[in-house]
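Residue numbers (our numbering), protein chains in the order written: chain V, 1 to 516; chain Y, 1 to 516.
To give an idea of the chain V side of the interface with chain Y (calculated C-beta under 10 Å), a few residues:
id, residue
1, 26
2, 42
3, 43
4, 77
5, 101
6, 385
7, 471
8, 477
Here are the in silico distance ranges between beta carbons for each label pair:
id, chain 1, residue 1, chain 2, residue 2, range
9, V, 193, Y, 108, 27 to 37 Å
10, Y, 262, V, 166, 28 to 38 Å
11, Y, 200, V, 461, 55 to 65 Å
12, Y, 248, V, 117, 31 to 41 Å
In short, the hints are calculated from the structure, not lab data.
Bear in mind the structure is a predicted one, so any value in this text is a computation, not a measurement.
No residue lacks a Cβ here, since even glycine has one placed at the ideal position from N, Cα and C.
2 protein chains.
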Amino acid sequence: MNGADALCDTLLAGGVDVCFANPGTSEMHFVAALDRKPQMRCVLGMFEGVVSGAADGYARMADKPAATLFHLGPGLTNGLANVHNAKRANSPMINVVGDHATYHLEYDAPLTSDIAALARPMSHWVNAARSADEVSALAAEAIAAANTAPGRIATLILPADAAWGETRAQLSNVAPPAARRKVDRDSVRDAARRIRDGKKTVLLLSGVALRAGALAVAGRIAKAFGVALLAQQSNGRMERGAGRTPIERVPYPVDQAVALLAPFEQMILVGAKAPVGFFAYPGKPSVMTPPGCDISRLAEAGDDLLDALEALADELRVPVAVRADVAALVRPPLPTGALTPDAVAIALAALMPENAIVNDESISSGRQLFKFIGAAPPHDYLQLTGGAIGIGLPMAAGAAIACPERKVISLQADGSAMYTLQALWTMAREDLDVTVVIFSNRSYAVLHTELQQVGAGAPGRNARRMLDLDGPPLDWVSLARGMGVEAHRATDCESFVKSFKAGLARRGPSLIEAVI
Amino acid sequence: MNGADALCDTLLAGGVDVCFANPGTSEMHFVAALDRKPQMRCVLGMFEGVVSGAADGYARMADKPAATLFHLGPGLTNGLANVHNAKRANSPMINVVGDHATYHLEYDAPLTSDIAALARPMSHWVNAARSADEVSALAAEAIAAANTAPGRIATLILPADAAWGETRAQLSNVAPPAARRKVDRDSVRDAARRIRDGKKTVLLLSGVALRAGALAVAGRIAKAFGVALLAQQSNGRMERGAGRTPIERVPYPVDQAVALLAPFEQMILVGAKAPVGFFAYPGKPSVMTPPGCDISRLAEAGDDLLDALEALADELRVPVAVRADVAALVRPPLPTGALTPDAVAIALAALMPENAIVNDESISSGRQLFKFIGAAPPHDYLQLTGGAIGIGLPMAAGAAIACPERKVISLQADGSAMYTLQALWTMAREDLDVTVVIFSNRSYAVLHTELQQVGAGAPGRNARRMLDLDGPPLDWVSLARGMGVEAHRATDCESFVKSFKAGLARRGPSLIEAVI
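Go ahead and model the full structure; you've got the sequences and the hints to work with.
The following block contains the structure:
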């Protein structure tokens, strides 16, 4: 067999059976190998940001990595923004990046670049095969690296001659993902001692501590000892809605985060990072906790967070009778009249089906969304983790591929959606069950707010040319139809509700441009 | 003044008065500074690949750099593919990349990444301001670096506090671009000696040797001594058409390149690189020249190539009476019937106006295009230089901004166009005089050819899922209209010619989907 076949077989042996791809000439042997393996699902993105964003969405919902396929350095860099988001979401991912044949690199052909150097800042593991003989062993290493909890980015560079070269090397065994580390008894006792000391305490959760089971345990601790629960500001995935323990996030605006955290004397981290400002602002702090707040850690993101919380509840002897608060289902009445961001959120709460996946890159339009859907039917909530906008539509596509039986609802700011709008085509091509809502405010609204904060006064021509997206307005109905996705425009609540109901009722992709 | 104002003023003092931008929160002080300078033209790209591709197109036609504005590491990576192309085109470019405030970096906020590490593989000069006091001096260095012949990529990282911090540092003087180096007499004599020795010789030209004046001199040498002229396979800009010395390029397919170069005993490089395969293929050579072909260099890409060729002609005592061959204007009859890639090229030759800028990212559909328009009215020809597809539409936008009085004709493969289709919106926003032709073959046709070369046989389901772009077909008319660009579909020569004439006749952007 050749190196490309060895890679393909090793990936499949490691349980990696989805490949999001945008191949080029130097990857043709790998394409041919994939073509010989119908058990590998190959999904084309017409831009690499779609590929990596979809791999992130897939990993968040499948709890395992997909492979990506990129064409040399520029193909990789096109995908790196969403690799960055995946890294910040602790999503596992295996990037396969084609390169020139090893002997061709010295000639500095036009597509040559230092792929490893480009990959390193956004990867936990980077390696390049020097020959076909090395491919399977490196692929097994890459899979193991990606599967290292809580999830890592592995980038394997595949020179063309390592792909086409023949090899007799045995296929490497792929170790199954290791069980997550149990936190040690001392950490549990320390956290318990802190909670018992009566200081005003907040547990800050992230990662798999935000799945329903772990949340319920945290909720019992909170109830029994009067400690607060908060989630990190950005998280890869949260299980939310009716029947689940509600949890707020640390707010994005610095002033709100500081105010919310001001009362706490201590914070215990459960898979989370201590909260810092998303950006720095003149005269505002970088650290969101008040001075003197004691920050300790029960568990790292990669630990078994359910076990850690259960051990903590045991150590604290939380009575079995203490039940966590859970959200009761609330279906608000349907909104009417003028269409606003809040009206969209209310319609979502009123109409969303059980077990939906809500994918939120609504930026300024969605500031209230999280709150409004807290008592909706149980759902998963996926958000932008790394601040690199343009992940929403790809992530929705990837989540839909991971969970074909679930409805994905993708809430998108228009400015962010434009970054990777090619994902709409992938939704159509794969007939993915995604209902997309575009918040069409025709500006980088968040930046108008930020510009005001800078004290720049009313924006002049240059600022408006950089922050406004009107002139001409984007026509999302045409854009979606241009890629084969059914689409409608809504200008009031009535038309929005009608289109949204229709989108939810059908299987397959649809888009609503919500003009707000 | 603050650091952002210092940067803006230094750029303007250095003649940099166009800024292609996609800003974010950390760049708001720079946006505010730009807003105070109406003499700076700010052009928004709704994706960073548009920003960098437009800056490349601008630089190729303006012969000076534009600034770009990117939002931290992911914003930069989104633009890097077209920075790579610009680097391979020897285009000057000044990238301004916002970063977190210096004191905020240690907190590893979600958007944090190693920007310098990401920038370095695609930049000649990378530096980060540590404070507002350093900004003007670094900006002056960046401008000087970018202006270093033949054109370089300078990336200046601007932390938010270096932008908003006050400074009393004097604005740095910006040196005007240095004159290009004259080649030394020895190199000229050496080249002359070689030409006189009677071996079968080819002059390989690139860079500014492909401007009309230098070509004419090379043409006189060729005529007087029977040496061949060839251009490098990919070049940033060529002046072509009627009245100019015709020159072929080294072909892209390895077999054709090898066959064309086989007769030559020696090659003299004039601003070009020795020809190598764009990709490596099993059993095919990396080097395109025949074994034993003696390769020498008259001049580097950054040298004064016109002067070098004139000095060579003098050294060779080419008689004044020897005139270079020039192309005579040929207007072919308009094509009729079925629409093919060649028919589009013939229609272009028949209809293109004087002094157009032809921007070619037509990939497989355009293989004959270069030949067909060689005797069209004089024009500039811009092509993909670095192999990172998705530069065509942005480059067209940038070229149109550099040359508002000239018609830009952008010939685009559909697959490549999808990478950065957001550039259509910039064309509409800025009312750029660009006529776009999309070759709609609904596949990565070039990869089908490459897959055959691999010997993979008929593509199966996975290969087709990765190489075909139908199912659903892209509707370019809808996509263009969705971004405010007038568009029509052509399915035969008659409808193409009608739409193409209309596009050429109007001022402003339009698009034709040529279904081939």
